[in-house]
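S.K.: Taken in order, these protein sequences are the chains called X and W. 1 is the number of the first residue of the first sequence in our numbering; add one for each residue after it. 1 is the number of the first residue of the second sequence in our numbering; add one for each residue after it.
Quick caveat, the hints were computed from the structure, so don't treat them as lab data. Just so we're clear, the structure is a prediction, and the values are computed from it rather than from any experiment. Worth double-checking, as some hints may not be accurate.
[Said to hold, decoys possible] To spell it out: a stretch of chain X is covered by chain W in this simulated footprint if at least three of its residues, at any positions, have a beta carbon under 8 angstroms from a beta carbon of chain W; those stretches are:
#, segment
1, 208–221
2, 247–258
3, 299–312
4, 381–390
5, 421–430
6, 445–459
Even for Gly, the Cβ is constructed at its ideal location relative to N, Cα and C.
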Amino acid sequence: MASVVTNDMSIVIGGDAGQGVESSGAGFCLSFARAGLHVFGMQDYHSRIRGGHNFYQIRLSEKPRLSHSNPVHLLIALTPETVRLHLDQLAEGAAGVLPERFEIDPAPLEKRGVRVDTLPLIRMAEEHGNRVMANTAALGAAAGITEFPLQFMESVIRDNFAAKGQQTVDTNLKVAEAAYGLARDRYGADFPYKLVPVDGAPRRMLMNGNQALAMGALAGGCRFVSAYPMTPATSIFEWLSGLPREYGVVTKHAEDEIAAADMAIGASFVGARGMTATSGGGFCLMVEALGLAAMTEVPMVIMLAQRGGPSNGLPTRTEQSDLLFAINASHGESPRIVTAPGTVEECFEAGWRAFNLAEKYQCPVVVMTDSFLASTLRTLDMDAIDFSSVSIDRGSTLTPQELDGLTNGYKRFEFTETGISPRALPGQHPAAAFSAASDEHDEEGHFLEEIEGRRRMMQKRMRKLREAEREMRPPKRYGPPEAETTLVCWGSSFGPCKEAADEINDAGGSANVLQFGDLWPLPEEVTAAALSECRRTVTVEQNYTSQLAKLLRMTTGIKVDGTLNKYDGRPFAPEEIVAGLGKEVVSGYAA
Amino acid sequence: MVTRLDPKLFDATTDITWCAGCGDFAILKALKLALADLGIEPYQALVVSGIGCGSKLPDYMNVNAYLTNHGRPLPIATAAKLANPDLHVIVTNGDGDSYGIGGNHFVQSCRRNPNLTHIVENNQIYGLTKGQYSPTSDKGFVTTTSPDGAIELAFNPLSVALGAGATFISRAFAGEPKHMAGLIAQGIQHRGYALIDVLQPCVTFNRTNTYDWYRKRVYHLEDEDYDPSDRKAAWEKAHEWEERIPLGVLYRVEGAPAYEDQVKALEGGSPLSRLDDLVKDPRPQQYERLKERFT
Ligand SMILES: Cc1ncc(C[n+]2csc(CCOP(=O)(O)OP(=O)(O)O)c2C)c(N)n1
Ligand SMILES: [Mg+2]
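The shape of chain X in the complex, shown without the other chains:
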């Protein structure tokens, strides 16, 4: 047997939609997290309820990982199709498990030096329970092959099936145990990849970007959420809707995204912290609301989880193609802030910070993620989500005492140096009833079309953007300062870029990463400075037209040296980035 590799491997579980790959995969991830391993669990599924290939790709390690990675060492195939589709990803010496019903052509497997065997998973499931438990058998077998102690899977089985009754728990446990024993005895000795619990590892959470964003928003005081379901944003809304009632989060499933965005505005207008969550198609419908919020200076938060576009596009797949759209959405010119967290931890902070920014600058804030970040599970230390780090800053919202002190009447849109006007909330004070109009207006909010008034009000609104720019953070640099190549990225691409840079540096090369989180208003000077320090810049984006590269050029005049693009709906794997360097295109358009 080849030398043993412990706690550093990737596993794929694949099958048809409807076979429970998603829940099995998530449960499997959790069992490793409980054993103290770092988990990166990426989902890949089709936009349908039945049929079509779905899989979970799980990377396990003793170090935190920000990306999936190839090759794959163990394949749990619930269908022969899974073997065919993932064959090229398998490492030499990799193993695969398939239920006994199927036959596969051994030639291609032998050619790649991998071993895929059928195991009597269905028979074992039927013997101890029933055939729907074949997934449990498959996972039990996977644990057996890697000699990963069964107790961790057992604890997850107990938790996950508890609601279905003790009998279901017990039969699943029996199925898992039987499969575990068989697989361990048959293959354990020959399979070089092993998983063992990490001694002394702290307890960790397994969380995705949507969950972290939702928790951030909650901690930031958001108690009103209106949305219309759209993958991959839906789980933000569902998670907040399912919270215990004591938190008092009012959620409204609206008739469409126009109403969803307008409801978020209505709640924010009267002083609550309102938000909506959507994907590109829904964001299209929200564009007029974005303009309304900007014009009437209503704080509003939109969580925009991107997917492949245009139109209905690739509903369940990832893309970063809405950056320039989000920055420019709406007719006319108006202030808005756009941020893009790159990791699950950053999602938590982005979730609450968005509300502070929105209230401080009294304008819409769009927080951009994508399918990859929104739905990939990652292990986090318990203190990575730190509720005591959250602050609620309502900007220049007037207190009752300040309202009592109003002597000269109240002007909702008062001209100020920063462009930010003191904000009263309707219904709070007799001295501060006010008008707000989507038409151009004067300081009191009444209609106005006169030349000088329009100019001044336009300047006032846009001054807020200049003001906000000062608060926008420069790009974060990861890796050695004077690297030969800088991978320039935004949002979720940070994960694969970081892993790629690590790989390059470990192999004696020289790379670092520049990650943009605050994208609009882009802080010009610090951005230009950061880019000028780089020797060779390559943007890495999940889009066709290199939108970040364009944005950088538009604001700083600096053209990146190369662009790497991917627009097939699948996230970059670090290896692809490493392999792509040197082959990238300079035009700014994908090859």
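Position chain W with the ligands against the provided structure of chain X, taking the given hints into account.
M.R.: What follows is chain W with the ligands alone, placed relative to chain X:
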């Protein structure tokens, strides 16, 4: 006992841009009257509108006013009420705004039953854009965009509201502001969504449905032996148009819960009051237990 207020409290100093004789003047007057009669102060009310001549109304009042996008006041008002249930939230918008571009929001509001008062300034025409046919224009109505006469059937807001489950459906006429004020007041007092569809002559672009045209046809349901809790009767009244046009409350359901009454998360505080509490004391430890869900 409510203390009646002086309707002048609601007067604003803004210039009114409506044409002389526009039915919207009567609606403005009636709304002020109704609020004053109910003792609601300007700062306690929020009037939300869309875009159009009629939608300018809130800007002509001393009140909290939010003039929003074309067709969108209902969802905005619904959420404003959910976020701060202490506000009296009133929507005023035109027939195009309400039944055309905002038609889905209208239907959803009927079945949703938020505690809102919805006054539709129904002049059967697009006024602000200078005279195109609207959803409520009668079939055959000739305008710049219907040179051969409107082909579609006129949208019937009352029967649609009835079909969609609205709990308060009424019609007023701009020629009778006092009567209208009474209906608006009843609408505000109604717990749930209250529709007041106002026949509102557009003196500039609708030369058919004039004050005289309406006056010849309107009559008061209160003067008849009419029971507004009778759904079948309401259905019939909702379809009277050519010869006789009923004014008053066509349909009313007493005691149905409003949307807000059924939102569990509102028990114990509104999104606004909870935020106020969090600003004083963010209580980060209250969220700690959520982390357990992920372990
Ligand atoms: C999104 C959008 N589309 C079109 C318009 C142009 N527009 C302004 S008012 C209006 C129709 C107004 O009709 P109605 O709602 O009946 O109000 P009225 O002017 O008759 O009171 C239209 C189409 C607009 N402002 N916004
Ligand atoms: Mg009209």
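S.K.: Hint by hint, say whether it matches the structure.
M.R.: Here's how the hints hold up against the structure:
1. Here's how the segment 208–221 of chain X fares: 5 of its residues keep a CB closer than 8 angstroms to some CB of chain W, so the rule of at least three is met and the hint holds.
2. With a threshold of 8 angstroms between beta carbons, the proposed coverage of the segment 247–258 of chain X by chain W holds, since 10 of its residues qualify and at least three are required.
3. For the segment 299–312 of chain X, the proposed coverage by chain W is not satisfied: 0 residues have a C-beta within less than 8 angstroms of a C-beta in that chain, short of the threshold of three.
4. Residue count for the segment 381–390 of chain X with a Cβ under 8 angstroms from a Cβ of chain W: 5. That meets the three needed, and the coverage hint holds.
5. Restraint check on the segment 421–430 of chain X versus chain W: 6 residues with Cβ-Cβ distances below 8 angstroms, three needed, restraint holds.
6. Coverage of the segment 445–459 of chain X by chain W holds [criterion: at least 3 residues with CB-CB distance below 8 angstroms; count 3].
In summary, the one numbered hint that this structure violates is 3.
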